[in-house]
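K.L.:
All chains, full assembly: derive it from the sequences and hints.
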Amino acid sequence: MEFNFILWIFAALPIIILLLLMSYINIKSVYAALISLIITALIANLVYQLSFWHMRIIFNKGAALSLYVVIIIVGAVILYSLVDISGGFNLLESFMKSFEGNRSLQFIGLSWAFTGFIQGITGFGFPVAIAGGLLIGMGYKPLISIIAALVGHSWAVSFGSMGSAFYALQLVTGLDVIRLGVVLAIYFYIPILISGLSVAHIYGGFKEVKKNFKYIFPMSIFMSSGQLIAAAGDFAHIGALLGGTLGSIYFIFIIIKNSNLSVINILKFKKDGISVIAALFPYITLIIAVFLFQLPFVDNILPDLEIAFSFPEFTTGLGYYVEAEESFSSIEIFGHPGFFLAVSSLLGGVFYYKKNLLSINNIKLVLQQSYIKSKSSIIAIFLLLIMAMILNNSGMVFNFAQGIAKVGRIIFPIISPMIGILGAFLTSSNTSSNVLFGAFQINTAELLGFSPEIIASTQSIGGSLGSAIAPAKILLGTSIVGLHGKEGEIMRRCFIYTLINGILLGIISFMSMVLIK
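For the sequence shown, my numbering begins at 7 and goes up steadily by one.
There's no promise every hint is true.
[Stated by the list, open to error] With a cut-off of at most 25 Å between alpha-carbon atoms, the simulated SDA-like pairs for lysine to any residue come out as follows:
#1 K217 with R109
#2 K276 with K381
#3 K216 with I262
#4 K370 with H490
#5 K381 with N66
#6 K213 with N264
#7 K274 with A284
#8 K213 with R109
#9 K412 with K34
#10 K213 with A284
#11 K492 with I23
#12 K34 with A69
#13 K361 with I290
#14 K492 with F275
#15 K381 with I23
#16 K216 with I260
#17 K216 with I196
Keep in mind that the hints were calculated from the coordinates and are not lab data.
P.N.:
See below:
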């Protein structure tokens with residue numbers, strides 16, 4: 007499909023409309039998604055010549071993709087409601103109030119280093135679901151907790167989820183895996199630091215940034231170096247996990263050092279005979295289960311069961327080719343986040359019941375509360391993912407990126423992260439962003455005489471940062487704590503931090519390539 011300025015304008019319309027409706031006009035997410043979907047479908051059919059048969063295939067793709075996400079949302083909301091109704095968060099809040107120390111540092115460590123650790127183990131939405139719930143349970147304001155978890159986890163997405171986004175980038179670009187990994191990890195140093203400073207600013211403005219910089223800077227070095235060591239050693243799949251682990255260990259060391267409590271005091275803390283570990287048993291079980299099932303000897307003995315969908319290839323009326331999908335949005339029964347959420351909720355429910363913290367009536371309340379919290383988000387995500395599929399499979403997103411590249415040829419390295427951010431915003435996935443734009447980015451870089459490794463890195467880092475403004479992840483966060491109607495404000499505030507980080511990354515990459523030349 008040849009680039010055309012008129013087509014470019016039409017491709018931009020649905021993206022602009024969605025941003026305006028969700029971030030500035032601030033109507034309900036369901037209505038914003040529905041209006042944006044209708045406009046996208048009309049443009050795809052009338053301008054991009056997507057037939058009704060093509061539209062039916064794409065609709066089914068969106069439905070299959072939404073199933074993957076919806077299972078996570080339902081599981082995360084049930085887990086949160088279970089701990090909440092059983093009193094786990096009340097105990098955690100009491101514990102944190104008795105725990106003297108730097109409250110802002112605790113907030114930063116959990117929403118930044120700990121979310122990276124979780125992202126390193128597993129994927130979509132887990133850091134937001136776990137850290138967001140814990141922060142709120144500790145007495146922090148729900149709105150800033152979700153915003154901080156979204157922005158805070160974004161540094162770990164490229165090397166997270168066992169390296170899925172990184173290896174997708176390497177496959178579509180064909181670049182050397184170690185060289186690409188090392189360049190990507192090096193260029194992550196500044197974005198990781200900025201994401202930590204952003205979380206401090208979310209908590210309390212520049213006063214908290216200044217107050218905690220002495221902790222944030224060394225923590226960012228530990229986290230960045232963890233990713234670099236993993237990439238250089240050809241085990242990039244644990245890059246975010248290693249970085250998140252090192253950052254979390256440093257965070258725990260600083261917290262204990264600056265408080266009057268020892269590790270023993272923390273473990274022995276009780277209220278009404280219940281310890282912190284008992285109160286948070288389902289979340290602890292969740293982390294252990296996710297980590298345990300990643301081990302090869304455990305993974306190898308489990309049956310390889312999955313739910314997968316296949317879709318045929320097609321070419322639009324404008325000549326945009328869409329490949330056939332043999333296993334689209336596959337759901338591994340023993341590998342999907344929903345499985346771990348179900349296991350931890352079940353074990354947690356039994357544990358709470360035996361501790362007399364949960365009754366049969368409470369279980370009904372958990373399910374009722376979860377349904378109320380998640381129903382509107384499920385509908386919105388269903389509509390948004392169908393819209394994303396139409397944008398992708400009609401060629402609209404690719405055409406829009408082409409236009410951005412043509413407009414900013416000379417400063418393409420500065421624009422490159424924005425394309426990665428755009429891909430993550432539209433697909434709610436760094437992996438999908440890399441698959442969609444990875445080859446396009448390095449082809450453009452080679453034509454313009456820029457380093458393909460650096461441009462591929464800025465693409466993936468942009469996609470990683472863009473996870474903070476992905477509508478599906480925002481809806482996951484608002485579902486957990488019942489912040490419906492706040493999606494626009496969350497997106498708007500996350501967008502500012504994401505944009506600043508992305509522009510700074512682009513300027514650094516541009517300057518470094520000018521020096522190389």
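K.L.:
All hints are to be evaluated individually against the structure, with a verdict given for each.
P.N.:
Status of the hints after comparison with the structure:
Restraint check for K217 and R109: the C-alpha separation of about 12 Å stays at or below 25 Å, so the hint holds. Between K276 and K381, the direct Cα distance comes to roughly 36 Å. Violation of the 25 Å bound is thereby established for this hinted pair. Note on K216 and I262: the hinted pairing holds, with a Cα-Cα distance of about 21 Å set against a maximum of 25 Å. Restraint check: the Cα-Cα separation between K370 and H490 comes to about 22 Å, which is no more than 25 Å; the hinted pair holds.
With a C-alpha separation of about 20 Å, the suggested pairing of K381 with N66 holds against the 25 Å cut-off. For the hint linking K213 to N264, the alpha-carbon distance of about 19 Å falls within 25 Å, and the restraint holds. Taking the CA atoms of K274 and A284, the gap is about 11 Å. The hint holds against a cut of 25 Å. With a C-alpha separation of about 14 Å, the suggested pairing of K213 with R109 holds against the 25 Å cut-off.
Taking the CA atoms of K412 and K34, the gap is about 35 Å. The hint is violated against a cut of 25 Å. A hinted pair counts as satisfied when its Cα atoms are at most 25 Å apart, and K213 with A284 does not qualify at roughly 36 Å. For the hint pairing K492 with I23, the CA-to-CA distance comes to about 18 Å; that is within 25 Å, so the pair holds. Straight-line distance between C-alpha atoms of K34 and A69 comes to about 21 Å, which keeps the hinted pair within the 25 Å bound.
The suggested pairing of K361 with I290 holds, with an alpha-carbon distance near 17 Å, which does not exceed 25 Å. Pair hint K492 plus F275 does not hold up; C-alpha atoms about 35 Å apart against a cutoff of 25 Å. Using a Cα cut-off of 25 Å, the hinted pair K381 and I23 holds, with the two alpha carbons roughly 24 Å apart. A distance of roughly 17 Å separates the Cα atoms of K216 and I260; the hinted pair therefore holds under the 25 Å criterion.
Proposed proximity of K216 and I196 is supported: the alpha carbons are some 17 Å apart, at most 25 Å.
Hint check: violations occur at hints 2, 9, 10 and 14; the rest are consistent with the structure.
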